[in-house]
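All chains should be modelled from the sequences, with the hints used to inform the complete structure.
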Amino acid sequence: MNELWQWLIAPFAYQFMQNALLASLLIAATCGIIGSYVVLRRMAFIGDALAHTALPGVVIAYMNGWSLVGGALAAGIMTALGIGWMARKSTLREDTAIGVIFTAMFALGILLMSRLQSFRDLSHILFGNILGVQSQELWLMTGVALVVLVVLVLFHKELELTSFDSTHAEVIGIQSNRLRTMLLILLAFTVVTGIQVVGVVLTSALLVTPAAAASLITSDLRRMMVVSAVIGAGSAFVGLLLSYYFAVSTGAAIVLTCTAVFGVIVLVNWMRKR
Amino acid sequence: MIFHYSGRHHVDSVPGADAVNIRDLRVVYDASQGDALNCTALDIPAGIRAALIGPNGAGKSTLLKTLAGLQPYNAGTVTIYGRPVRACHHRVAYLPQRGEIDWRFPITVRRFVMTGRYVHLGWFTNPRRYDDTLVAQTLQRLGLGAVADRRISDLSGGQQQRALLARAIVQEAELLLLDEPFNNVDPETRLLICTILDELQQLGRTAIVATHDLSRIRQEFDLIISLRAGAVVGQQAAVLYQQATVEESYE
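So the sequences go chain by chain: D and B. All residue numbers for the first sequence refer to this note's numbering, where the first residue is 1 and numbers rise by one. All residue numbers for the second sequence refer to this note's numbering, where the first residue is 1 and numbers rise by one.
The reader is advised that the hints may include incorrect statements.
[As the list claims (entries may be wrong)] With a straight-line cut-off of 20 Å between C-alpha atoms, the simulated SDA-like cross-links for lysine to any residue are:
id, chain 1, residue 1, chain 2, residue 2
1, D, K157, D, R222
2, D, K157, B, H4
3, D, K157, D, R223
4, D, K89, B, R129
5, D, K273, D, L256
6, D, K157, B, M1
7, D, K157, D, S219
8, D, K89, D, R222
9, D, K157, B, A148
10, D, K157, B, L121
11, D, K89, B, D30
12, D, K157, B, S6
13, D, K157, B, A31
14, D, K273, D, R222
15, D, K89, B, T133
16, D, K89, D, M182
17, D, K89, D, R178
18, D, K157, B, R128
19, D, K89, D, L179
20, D, K157, B, H120
21, D, K89, D, F12
22, D, K89, D, A107
23, D, K89, B, R128
24, D, K157, D, H124
25, D, K273, D, S215
26, D, K157, B, Y130
27, D, K157, D, T218
28, D, K157, B, T133
29, D, K157, D, T142
30, D, K157, B, H90
31, D, K89, D, I101
32, D, K89, D, S215
33, D, K273, B, R129
34, D, K273, B, A148
35, D, K157, B, D30
Calculated from the structure, these hints are not laboratory results.
Next comes the structure, spelled out in structure tokens:
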């Protein structure tokens, strides 16, 4: 027992591991909570798009010596507003329009990166760099996560209503389009923090997988959010340990732990139904 | 302190006004296809049950959506209890056709019905004891007490329709707009819906119901409004209505 305990806590004797643990628990939990809406409102593709379009923002910020997180946030918010605008104006189907825009933005990011000599400096944007989190960034991420949580709590009943019955919401005077745009902006915030943990390519997994797993075991949105946050945070902890002891990529280890939890829940559900 | 949705203030209805007055209303979806709705004059007095009948595409749903404030219109005036559409949201309850709601969403029947109270709560306010009691009583009244804490996805078609009606009741709306409430519901539910509409009428509420089901229309309604190709083609007291004329409107 004592040995297991040692095995669990030994990695966190290091300052960088403590930072990584705090950051990844916080971010994975936030992603799990907002991810419940992503799953129920079928916004998984948008979440992925928001993560990918952050790349040119980060590269441009890097080239000009601006804050990388700031660059990612700016790009994310512009994408969120752009998607909201396109959904109202365009004759293209929304997912088609998003597909066109986000691949173009991602390609632009890669193009700009290839002009820089120091590809390695930016590779952590693609694949995450939670072990390199500085205390200052940790504060910023805590702030972002808190803002997201507070807004989600304040607007919970209206966000829930517009998710399954936007008609009733409109009749009683709630503008569901505006709420959707607000949710997209919160999602952009969350995604930017998620990029720190698992990178641009894998962020949508933190949004979708824990929430999808939670949706299989509970029938109430609030409980689903709690379960999803716990699965996300638990996976972050386990993934961090795995990456420490087996020297593998932290982001990938966290995402695959989420997937394993999802797989176990699917299996248990399937066996119970038989 | 209530933070009303859409920032509007409480507007009292004009005393003695009709539930609905429509003048020269035109709704156009697509200019090349003509008017989706064209209504020179329609008055529905307060406190009656009116049926909207007519073939598919006659404009029944469009009319209900216009009254609910969901459908922007191109010309004309529409007033609800003497006030412009959307001036006071809590006065109007709209029951959409069941397909417009995502019934797979994880929410209990109780909480679903509670969303009818939201217009009185506004932003940042959670339901209070009065709301809980009202919802619980209404669920019992509509025979949904046993399934109150089940997911809405577990409900049958008839139960879904009753849940929608329960939500309109807890909203305490004065004008109820029901789009095809009798579609695919069991006879029991149908009877219950009609009984509830009777009770609401006793309380002075008004109901406008789009329906295809004409079998008991003379008993179930006071006024029958027939629409065809977006226009009101007939309006008469239900008791005077002849089955023949009804069938004619379907030719």
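Results for each hint:
no.	hint	in the structure
1	D:K157 to D:R222	10 Å, holds
2	D:K157 to B:H4	14 Å, holds
3	D:K157 to D:R223	14 Å, holds
4	D:K89 to B:R129	43 Å, violated
5	D:K273 to D:L256	26 Å, violated
6	D:K157 to B:M1	18 Å, holds
7	D:K157 to D:S219	16 Å, holds
8	D:K89 to D:R222	33 Å, violated
9	D:K157 to B:A148	18 Å, holds
10	D:K157 to B:L121	11 Å, holds
11	D:K89 to B:D30	16 Å, holds
12	D:K157 to B:S6	15 Å, holds
13	D:K157 to B:A31	38 Å, violated
14	D:K273 to D:R222	25 Å, violated
15	D:K89 to B:T133	44 Å, violated
16	D:K89 to D:M182	18 Å, holds
17	D:K89 to D:R178	14 Å, holds
18	D:K157 to B:R128	14 Å, holds
19	D:K89 to D:L179	17 Å, holds
20	D:K157 to B:H120	13 Å, holds
21	D:K89 to D:F12	51 Å, violated
22	D:K89 to D:A107	25 Å, violated
23	D:K89 to B:R128	40 Å, violated
24	D:K157 to D:H124	37 Å, violated
25	D:K273 to D:S215	16 Å, holds
26	D:K157 to B:Y130	18 Å, holds
27	D:K157 to D:T218	18 Å, holds
28	D:K157 to B:T133	19 Å, holds
29	D:K157 to D:T142	24 Å, violated
30	D:K157 to B:H90	17 Å, holds
31	D:K89 to D:I101	15 Å, holds
32	D:K89 to D:S215	32 Å, violated
33	D:K273 to B:R129	38 Å, violated
34	D:K273 to B:A148	24 Å, violated
35	D:K157 to B:D30	35 Å, violated
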